[in-house]
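J.: So the chains spell out like this:
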Amino acid sequence: MALFRSAPIAPLEYTRKLWMRGWVGLTMLFLYAPLLVLMVFSFNDSKRNVVWKGFTLKYYEKALNNDSLVEALVNSLTIAFLATIISLVIGALAAVMLWRFRFPFKGLVEGTMSLPIIVPEICLGVAFLIFFAKVEWPTDLMWPLNLSAITIAHITFCFPFVAMVVRARLASFNKEEEEAAKDLGATEWQAFRDVLLPHIQPGLVAGALLAFTLSLDDFVITFFTSGPDTITFPVKVYSMVRFSVTPEVNAASTLLILLTVILTFIALKVQGVKGITETH
Amino acid sequence: MPETKQPIIQIRNVSKRFGKVTAVDNISLDILAGEFFVLLGPSGCGKTTLLRMIAGFEMPTEGQIIIDGQDMSLVPPNKRPVNMVFQSYAVFPHMNVTDNVGYGLRIAGVGKGEIRDRVAEALELVKLGGFEDRMPDQMSGGQRQRVALARSLVMRPKVLLLDEPLSALDAKLRAQMQFELSDLQDKVGITFVTVTHDQDEALSMASRVAVINKGEVAQLAGPSDLYEYPANRFVADFVGSVNIFEGKLTLDEPDKAAVDCPGLGKIYLNHGVTGPHGADVWVALRPEKIYLHVPGAGKAIRAAAQDAPDGHNLARGTIKGMSYLGDITLYEIQLEGGQVIRVSRPNLSRHDQEDFTWDDKVSMHWRADSPVVLLS
Numbered sequence: 001m002a003l004f005r006s007a008p009i010a011p012l013e014y015t016r017k018l019w020m021r022g023w024v025g026l027t028m029l030f031l032y033a034p035l036l037v038l039m040v041f042s043f044n045d046s047k048r049n050v051v052w053k054g055f056t057l058k059y060y061e062k063a064l065n066n067d068s069l070v071e072a073l074v075n076s077l078t079i080a081f082l083a084t085i086i087s088l089v090i091g092a093l094a095a096v097m098l099w100r101f102r103f104p105f106k107g108l109v110e111g112t113m114s115l116p117i118i119v120p121e122i123c124l125g126v127a128f129l130i131f132f133a134k135v136e137w138p139t140d141l142m143w144p145l146n147l148s149a150i151t152i153a154h155i156t157f158c159f160p161f162v163a164m165v166v167r168a169r170l171a172s173f174n175k176e177e178e179e180a181a182k183d184l185g186a187t188e189w190q191a192f193r194d195v196l197l198p199h200i201q202p203g204l205v206a207g208a209l210l211a212f213t214l215s216l217d218d219f220v221i222t223f224f225t226s227g228p229d230t231i232t233f234p235v236k237v238y239s240m241v242r243f244s245v246t247p248e249v250n251a252a253s254t255l256l257i258l259l260t261v262i263l264t265f266i267a268l269k270v271q272g273v274k275g276i277t278e279t280h
Numbered sequence: 001m002p003e004t005k006q007p008i009i010q011i012r013n014v015s016k017r018f019g020k021v022t023a024v025d026n027i028s029l030d031i032l033a034g035e036f037f038v039l040l041g042p043s044g045c046g047k048t049t050l051l052r053m054i055a056g057f058e059m060p061t062e063g064q065i066i067i068d069g070q071d072m073s074l075v076p077p078n079k080r081p082v083n084m085v086f087q088s089y090a091v092f093p094h095m096n097v098t099d100n101v102g103y104g105l106r107i108a109g110v111g112k113g114e115i116r117d118r119v120a121e122a123l124e125l126v127k128l129g130g131f132e133d134r135m136p137d138q139m140s141g142g143q144r145q146r147v148a149l150a151r152s153l154v155m156r157p158k159v160l161l162l163d164e165p166l167s168a169l170d171a172k173l174r175a176q177m178q179f180e181l182s183d184l185q186d187k188v189g190i191t192f193v194t195v196t197h198d199q200d201e202a203l204s205m206a207s208r209v210a211v212i213n214k215g216e217v218a219q220l221a222g223p224s225d226l227y228e229y230p231a232n233r234f235v236a237d238f239v240g241s242v243n244i245f246e247g248k249l250t251l252d253e254p255d256k257a258a259v260d261c262p263g264l265g266k267i268y269l270n271h272g273v274t275g276p277h278g279a280d281v282w283v284a285l286r287p288e289k290i291y292l293h294v295p296g297a298g299k300a301i302r303a304a305a306q307d308a309p310d311g312h313n314l315a316r317g318t319i320k321g322m323s324y325l326g327d328i329t330l331y332e333i334q335l336e337g338g339q340v341i342r343v344s345r346p347n348l349s350r351h352d353q354e355d356f357t358w359d360d361k362v363s364m365h366w367r368a369d370s371p372v373v374l375l376s
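The listed protein sequences derive, respectively, from chains A and B. Residue numbers for the first sequence follow full-length UniProt numbering, beginning at 1 and rising by one. Residue numbers for the second sequence follow full-length UniProt numbering, beginning at 1 and rising by one.
Hints in this document: simulated from the structure, not taken from any laboratory. Even for Gly, the Cβ is constructed at its ideal location relative to N, Cα and C. It is possible that part of the hints are untrue.
Unchecked claim - Only pairs whose alpha carbons sit at most 27 Å apart, straight line, appear in this in silico DSSO-like list of lysine-lysine:
id	chain 1	residue 1	chain 2	residue 2
1	B	Lys-214	A	Lys-175
2	B	Lys-20	B	Lys-214
3	B	Lys-172	B	Lys-127
4	B	Lys-256	B	Lys-214
5	B	Lys-158	B	Lys-79
6	B	Lys-172	B	Lys-187
7	A	Lys-106	A	Lys-17
8	B	Lys-20	A	Lys-175
9	B	Lys-158	B	Lys-187
10	B	Lys-361	B	Lys-266
11	B	Lys-266	B	Lys-289
12	A	Lys-106	B	Lys-20
13	B	Lys-79	B	Lys-112
14	B	Lys-79	A	Lys-175
15	A	Lys-175	B	Lys-158
Said to hold, decoys possible - Partner residues are not named here, just some residues of chain A that face chain B (Cβ under 7 Å, in silico):
id	residue
16	Asn-174
17	Glu-176
18	Glu-179
19	Lys-182
Taking the hints into account, I'd like the entire structure generated from these sequences.
T.: Here it is as structure tokens:
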């Protein structure tokens, strides 16, 4: 009997309080119910997304056989991949520069760099539309060069996030470690490679993850920079929804969610949750 | 003891300025091969800047740093025959002990077999055998410091630099490491240059100490000379505890001298001080060199102070404060002139601390070779 008698709830044991559990449940419901509904109705055997008519996988088949949807998905992934790689390099270098050096107008440079985070996306989108039109950016190039305009736009708003994450990580770096490496004979480059890079690696993984997902699901800026041959996945879904909300859209969206979850899971496995979340 | 008296590091008129701040002001000194040299000073005195200039992390604004006969003033740190143990130890957190210690050898392109042997030897030297595969976050501060030591020693540097090596350790471990560092230095025969603000550390480990104040060398001497023959008020006050009284030099002959201190009385010394007659001087008197007596022991005092003429090297006062520290008791005694003098007394028996208490009237005397006359 004594085995099952639970100890009285201590003042700070919030996780054992009923109202707290209820509150957490409600929050979860609020956050994830829409996603859940979307996923469930992707299996709905009905043309309309209102009433449950039975289980089917035919909309997945339909979505995967929809050439223009698959093409949009491939475009999105390609853009996200390129934008992530380039943002990672530019962002990390910018972070190291701002952390390491003192130079005139440093504050101004720092502020300008984070501008793409602050400026409303719609303004950036219009700005890119005007810019690419003014410089007469070629639009009739072969794949994947025709994605260059969108990729450039994505790099613009992705790399400040990478720089921010890497900089936060750099703040916890002990400069004596780099000095120790040099003291032991390492050149500037060797010290960077052997000491600084391993330290900021979790920041790089987190930044890459952030950049990839930001790029993958961007709609506003992409909408203004994409042409008829360069539809991305979010833009394609939008055009499908305008026509009608069929379970095909649900199926495609569910696949995208699955993809991002798997990517995040892999990144966390590679790096370890601790490495990404902890600042020191 | 240094086996060769050759200077391994020559610092020639070195100054370092950061903008308007002068951190190191025209310092010249020689560090001899094989010695345990300590740079001692309060924080912000420039001692760490000097060490970093020897390591190559700072370039001197003026002057030369010659290491083993070569001018190294502008040579980057990775090309100097010196290695440093950092205050934070700066052990690489993502490498295990073996990789940490072998890092410098790998950079230098030493063969794998030799790296393995030398790393094992270095770890043995710092008593870290068996820790080869540990990661730094699985080790205590003291163990990490040993890794840092091994990592530097494995390079077989001409000089090992240590930046506040014991400051992050707790008191017991610090005392143990003081001995171990001296022992280690004996064993490897490498010149050690240490920076510290802790006088105990300096006195216990050093063969010679340079006391630095405001970017200048206040005194360069062996530990006991530093304590017993301080060159100026700064050194007397910084190294150990001391009472300092202002006075006038009234007598100065080769075998005796006298100073008239308004605050303390007439001071007699059994040696000359070669200062200008009638000059303003300062008398430094260490607390442990003053004898305390109960009142009415006049005869005993006169007998004890017989190495000085009548009425010299004596004082009277009232105990205003005391702190019992176990091995000694510290007294703060207000002199008849109003000034306060500090006296320490060893507790040679269990009841010694009961001999005196607050507001007791006491007499004091000291020997004629105890006071130090300071001209600056």
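J.: Taking the hints in turn, state whether each one holds.
T.: How the hints compare with the structure:
For the suggested pair Lys-214 (chain B) and Lys-175 (chain A), the alpha carbons sit about 26 Å apart, so the restraint of at most 27 Å is met. Among the hinted pairs, Lys-20 (chain B) with Lys-214 (chain B) is consistent with the structure: their alpha-carbon atoms are about 14 Å apart, no more than 27 Å. Between Lys-172 (chain B) and Lys-127 (chain B), the direct Cα distance comes to roughly 18 Å. Compliance with the 27 Å bound is thereby established for this hinted pair. At roughly 34 Å between alpha-carbon atoms, Lys-256 (chain B) and Lys-214 (chain B) are farther apart than 27 Å, so this suggested pair is violated.
Of the supplied pair hints, the one linking Lys-158 (chain B) and Lys-79 (chain B) holds, its CA atoms being roughly 13 Å apart against a limit of 27 Å. At most 27 Å may separate the alpha-carbon atoms for a hinted pair to count; Lys-172 (chain B) and Lys-187 (chain B) meet this at roughly 23 Å. Proposed proximity of Lys-106 (chain A) and Lys-17 (chain A) is contradicted: the alpha carbons are some 50 Å apart, above 27 Å. Taken as a hint, the Lys-20 (chain B) and Lys-175 (chain A) pair is honoured in the structure, with Cα atoms around 25 Å apart against an allowance of 27 Å.
About 14 Å separates the Cα atoms of Lys-158 (chain B) and Lys-187 (chain B), which keeps this hinted pair within 27 Å; it holds. Simply put, Lys-361 (chain B) and Lys-266 (chain B) have alpha-carbon atoms about 20 Å apart, close enough for the 27 Å limit, and the pair holds. For the proposed pair Lys-266 (chain B) and Lys-289 (chain B), the alpha carbon gap of about 16 Å is at most 27 Å, so the pair holds. Restraint check for Lys-106 (chain A) and Lys-20 (chain B): satisfied, since their Cα atoms lie roughly 22 Å apart, inside the 27 Å limit.
Only pairs whose Cα atoms come within 27 Å are accepted, and Lys-79 (chain B) paired with Lys-112 (chain B) is accepted, the gap being roughly 22 Å. Note on Lys-79 (chain B) and Lys-175 (chain A): the hinted pairing holds, with a Cα-Cα distance of about 19 Å set against a maximum of 27 Å. Between Lys-175 (chain A) and Lys-158 (chain B) the alpha-carbon distance is near 24 Å, which keeps this suggested pair within the 27 Å criterion. For Asn-174 (chain A), the interface hint holds, the least distance from its beta-carbon to any beta-carbon of chain B being 6 Å, beneath 7 Å.
The criterion of a C-beta within 7 Å of any C-beta in chain B is met by Glu-176 (chain A), whose closest approach is roughly 4 Å, and the hint holds. For Glu-179 (chain A), the shortest C-beta to C-beta distance to chain B is roughly 6 Å, which falls under 7 Å, so the interface hint holds. A hinted interface residue such as Lys-182 (chain A) counts as satisfied when its beta carbon comes closer than 7 Å to some beta carbon of chain B; here the least separation is about 5 Å, so the hint holds.
Checked against the numbered hints listed earlier, the structure breaks hints 4 and 7; every other hint is satisfied.
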